[in-house]
Amino acid sequence: MPAELVEVEGHIIDSLILAKILDLIVGAGADYHMVDVRIGRTNTDPSKVRLEVRADDEGDLVALLEELQVHGANLVGELDAVLEPCTDDGVLPAGFYATTNLPTWVRLGGRWYPVENPEMDCALVVTTVPAPVVRTVPMHRVIAGERVVTGREGVRVDAPERPHGATPFEFMASEVSSEKPKSLLVAEVAGRLRANRQRGRRLLVVCGPAVIHTGAGPDLARLVRAGWVDVLFAGNGFAAHDLEANVLGTSLGVSVDAGTPTEGGHSNHLRVINEIRRWGSIEAAVRGGYVTDGVMYECVQRGVPFVLGGSVRDDGPLPDVRTDVVAAVDEMRQHVAGVGVALMLASTLHAVATGNILPAGVETYCVDINQAVVTKLADRGSRQALGIVTDVGLFVRDLAARLDPS
Amino acid sequence: MSAENAWGRRYLMCPPTHFEVLYEINPWMHREVPVDPERAREQWEALVGLLRQAGAEVEVLEPQPDLPDLVFTANAGVVNGPQFVPARFRNPERHGETAHDVAWFAERGWRVDELPEGVAHEGAGDSLPFADVLVSGYRWRSDARSHAPLSAITGVPVRSVELTDHRFYHLDLTFCPLDDRHAITVPAVWDRYGTAVIDDLVPEPLVLELDEASQFVANSVVVGRNVVMPACPPRVGRVLEKWGFEVAVADVGEFLKAGGGCRCLTLALDVDLSGGGARS
Numbered sequence: 001m002p003a004e005l006v007e008v009e010g011h012i013i014d015s016l017i018l019a020k021i022l023d024l025i026v027g028a029g030a031d032y033h034m035v036d037v038r039i040g041r042t043n044t045d046p047s048k049v050r051l052e053v054r055a056d057d058e059g060d061l062v063a064l065l066e067e068l069q070v071h072g073a074n075l076v077g078e079l080d081a082v083l084e085p086c087t088d089d090g091v092l093p094a095g096f097y098a099t100t101n102l103p104t105w106v107r108l109g110g111r112w113y114p115v116e117n118p119e120m121d122c123a124l125v126v127t128t129v130p131a132p133v134v135r136t137v138p139m140h141r142v143i144a145g146e147r148v149v150t151g152r153e154g155v156r157v158d159a160p161e162r163p164h165g166a167t168p169f170e171f172m173a174s175e176v177s178s179e180k181p182k183s184l185l186v187a188e189v190a191g192r193l194r195a196n197r198q199r200g201r202r203l204l205v206v207c208g209p210a211v212i213h214t215g216a217g218p219d220l221a222r223l224v225r226a227g228w229v230d231v232l233f234a235g236n237g238f239a240a241h242d243l244e245a246n247v248l249g250t251s252l253g254v255s256v257d258a259g260t261p262t263e264g265g266h267s268n269h270l271r272v273i274n275e276i277r278r279w280g281s282i283e284a285a286v287r288g289g290y291v292t293d294g295v296m297y298e299c300v301q302r303g304v305p306f307v308l309g310g311s312v313r314d315d316g317p318l319p320d321v322r323t324d325v326v327a328a329v330d331e332m333r334q335h336v337a338g339v340g341v342a343l344m345l346a347s348t349l350h351a352v353a354t355g356n357i358l359p360a361g362v363e364t365y366c367v368d369i370n371q372a373v374v375t376k377l378a379d380r381g382s383r384q385a386l387g388i389v390t391d392v393g394l395f396v397r398d399l400a401a402r403l404d405p406s
Numbered sequence: 001m002s003a004e005n006a007w008g009r010r011y012l013m014c015p016p017t018h019f020e021v022l023y024e025i026n027p028w029m030h031r032e033v034p035v036d037p038e039r040a041r042e043q044w045e046a047l048v049g050l051l052r053q054a055g056a057e058v059e060v061l062e063p064q065p066d067l068p069d070l071v072f073t074a075n076a077g078v079v080n081g082p083q084f085v086p087a088r089f090r091n092p093e094r095h096g097e098t099a100h101d102v103a104w105f106a107e108r109g110w111r112v113d114e115l116p117e118g119v120a121h122e123g124a125g126d127s128l129p130f131a132d133v134l135v136s137g138y139r140w141r142s143d144a145r146s147h148a149p150l151s152a153i154t155g156v157p158v159r160s161v162e163l164t165d166h167r168f169y170h171l172d173l174t175f176c177p178l179d180d181r182h183a184i185t186v187p188a189v190w191d192r193y194g195t196a197v198i199d200d201l202v203p204e205p206l207v208l209e210l211d212e213a214s215q216f217v218a219n220s221v222v223v224g225r226n227v228v229m230p231a232c233p234p235r236v237g238r239v240l241e242k243w244g245f246e247v248a249v250a251d252v253g254e255f256l257k258a259g260g261g262c263r264c265l266t267l268a269l270d271v272d273l274s275g276g277g278a279r280s
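Chains as they are written, first to last, in the numbering used here: chain A, 1 to 406; chain B, 1 to 280.
Do not rely on the hints blindly, as some may be mistaken.
Chain A residues, not near chain B, derived (Cβ > 10 Å throughout) [unchecked claim]:
(1) 14
(2) 20
(3) 96
(4) 156
(5) 225
(6) 284
For the chain A half of the interface with chain B, some residues (derived, Cβ under 10 Å), not all of them [unchecked claim]:
(7) 9
(8) 19
(9) 23
(10) 39
(11) 43
(12) 69
(13) 71
(14) 262
(15) 266
(16) 301
(17) 302
To be clear, the hints were calculated from the coordinates, so they are not data collected in a lab. These numbers come from a predicted model, not from an experiment. Note that beta-carbon positions come from the ideal geometry of N, C-alpha and C, so glycine has one too.
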């Protein structure tokens, strides 16, 4: 949304000039945000107000600003963003602007351009041919000669706004809900997923191994089969236990059906990983008939892309696991475009990693039995995350029953 | 009981030696309607006579060739005690007046404090004191953004009023402070915010109809309890009389051809806003 900063000063309160300016903005169908307000203490002291004025399109904004100028509201001398070239691949200019995941605008040649793919902790790379484009690029991906925004001049970030009103959770006053009726929450999430799909947006699911341990594998597989899941991020553990459960009927050696440990079960997942390595990939194992059910099976069958990111304590790992973590995150980045809702299911590290690369506009629901995980996600900057503290097995089962009642 | 204006007993005026309608910068001006120089001179001298009769002193600014509107001294600037804030004219046709105005004030010991460049403000034509504030008009000749620096320079709070009708291009065609309780007002040509501000400021306004305002009734000069007016409809005269004012009508028809009346032809030299606007 195009926006400009204007300033008005003088006896603007007693002269009703401020009231008039605000009325004009609203009357023009535009919006404002008070950036700075200094009211004079006595009636001889002048007041000074700085407003950010936003309109739906550039033409409306220019016309409105001209009208506001008549009433004394001056455009604040905003400057263009300062650009500096990178001197080496993977190294940013010292004063680079570090991004947030919020909608961000960059001023170039007197006009504001939106950042195409908001992501936190990145740099802003500007290309001007054929038309100006501003993109976030992680540090390691910049190339020598690319021009990067430095300093704060000419950069504007839309104020973070938590979802409010009827959407998404009117009754969820707190960010983390440990004491809320769970079935209501699940119903709300189901409604949000339906709305997301109607808007043509994609659902990203991030899974931890507890999804399989708690017996929610078949329910999640059902959601994949019914076409609800558009992309899946996980680690070696989730995929390994999903495959183990479907090949040997155990998760970390514990029978998924009976809940009892099986003899020699502690090595079950290693044997399955070993066989998948023999097949060369999960897809090959599915196509060859070694894996016949489960979340990974359904992903392969339905062509749902998945990214498995590795870690230092992984067994195996599975051949599909990206052991270069930087490459893993790069691959995850390629799949976040078009995502409208992210469901983080009992995952800490992958949830935080995913939160890092999602724009703030993506509705994020973090389901975990441990309240600290939800808090951690929010603390890492994913302020849009709404937490649901509950057992992930029960949550996924209830969600699948609502979305795929068959 | 109302108190007379503390100012309005000493005026700067400029004889109409070079007055004519050479250009058109307001809807009243028509180059094809010629000014009769003889009548203009007689009317101007009659106005001076009425003001002196009312008890005012009149000082004279030397007329200049090619500056026909120098007669409208009200627009020279804002006087505030020992301080003179020269106008920044909107139209280039009047830019040449400023040097003569500044010279006159500087030679007589006024401190000249200028408004920042790039903002238009046409002096007392768009700024009149009432109570302890300066009521200032904007849109056609003065910029709203001149009000903050004007207030900063003079130390006087400004109340801004938008003038919505191009025919009433200066505040002094729409507002005339009579004393500390009364003023002639024309809210029909103000925006509703300005109207609300003046409503709040003036306890007893004499509200003019548009046809009355079009006769330049508000463009009057007040000297104590005397009001010198370009025209005085009977209704207005009765109200002024009831409030204790004595009315004199000055025929300024030649000057109306340029869109200026009695007030436009005068600039009060005894305005001092630092100590309040009225004396009791």
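To see whether the hints hold, each was checked on the structure:
For residue 14 (chain A), the non-interface assignment is contradicted: its Cβ lies about 6 Å from the closest Cβ of chain B, within the 10 Å cut-off. Interface exclusion of residue 20 (chain A) from chain B breaks down, the closest Cβ pair being 4 Å apart, not more than 10 Å. Under the 10 Å C-beta cut-off, the non-interface status given to residue 96 (chain A) relative to chain B holds; the minimum distance is some 36 Å. Taking the minimum C-beta to C-beta distance to chain B, about 24 Å, the non-interface status of residue 156 (chain A) holds against the 10 Å cut.
Distance check on residue 225 (chain A): its Cβ is at least 64 Å (rounded) from any Cβ of chain B, clearing the 10 Å threshold; non-interface status holds. At roughly 72 Å, the least C-beta separation between residue 284 (chain A) and chain B is larger than 10 Å, which holds for a residue marked as non-interface. Contact between residue 9 (chain A) and chain B, as hinted, is supported at the beta carbon level, the nearest pair being about 5 Å apart and thus within 10 Å. Evaluation of the residue 19 (chain A) hint against chain B yields a held restraint, the C-beta minimum of about 6 Å falling below 10 Å.
The criterion of a C-beta within 10 Å of any C-beta in chain B is met by residue 23 (chain A), whose closest approach is roughly 8 Å, and the hint holds. For the restraint placing residue 39 (chain A) at the interface with chain B, the shortest Cβ-Cβ distance is roughly 14 Å, beyond the 10 Å limit, so the hint is violated. The restraint placing residue 43 (chain A) at the interface with chain B holds, with a minimum CB-CB distance near 6 Å, inside the 10 Å limit. With a least beta-carbon distance of about 8 Å to chain B, the hint placing residue 69 (chain A) at the interface is held under the 10 Å criterion.
A distance limit of 10 Å between C-beta atoms decides the matter here; for residue 71 (chain A) the minimum to chain B is near 5 Å, and the interface restraint holds. Interface hint status for residue 262 (chain A): violated, as the beta-carbon distance to the closest one in chain B is roughly 81 Å, over 10 Å. Residue-level restraint check for residue 266 (chain A) is violated (minimum Cβ-Cβ distance to chain B is 78 Å; threshold 10 Å). Interface restraint check for residue 301 (chain A): the shortest CB-CB distance to chain B comes to about 67 Å, outside 10 Å, so the restraint is violated.
Given the 10 Å rule on beta carbons, the hint for residue 302 (chain A) is violated: about 62 Å separates it from the nearest Cβ of chain B.
The structure is inconsistent with the numbered hints 1, 2, 10, 14, 15, 16 and 17, although it conforms to all the rest.
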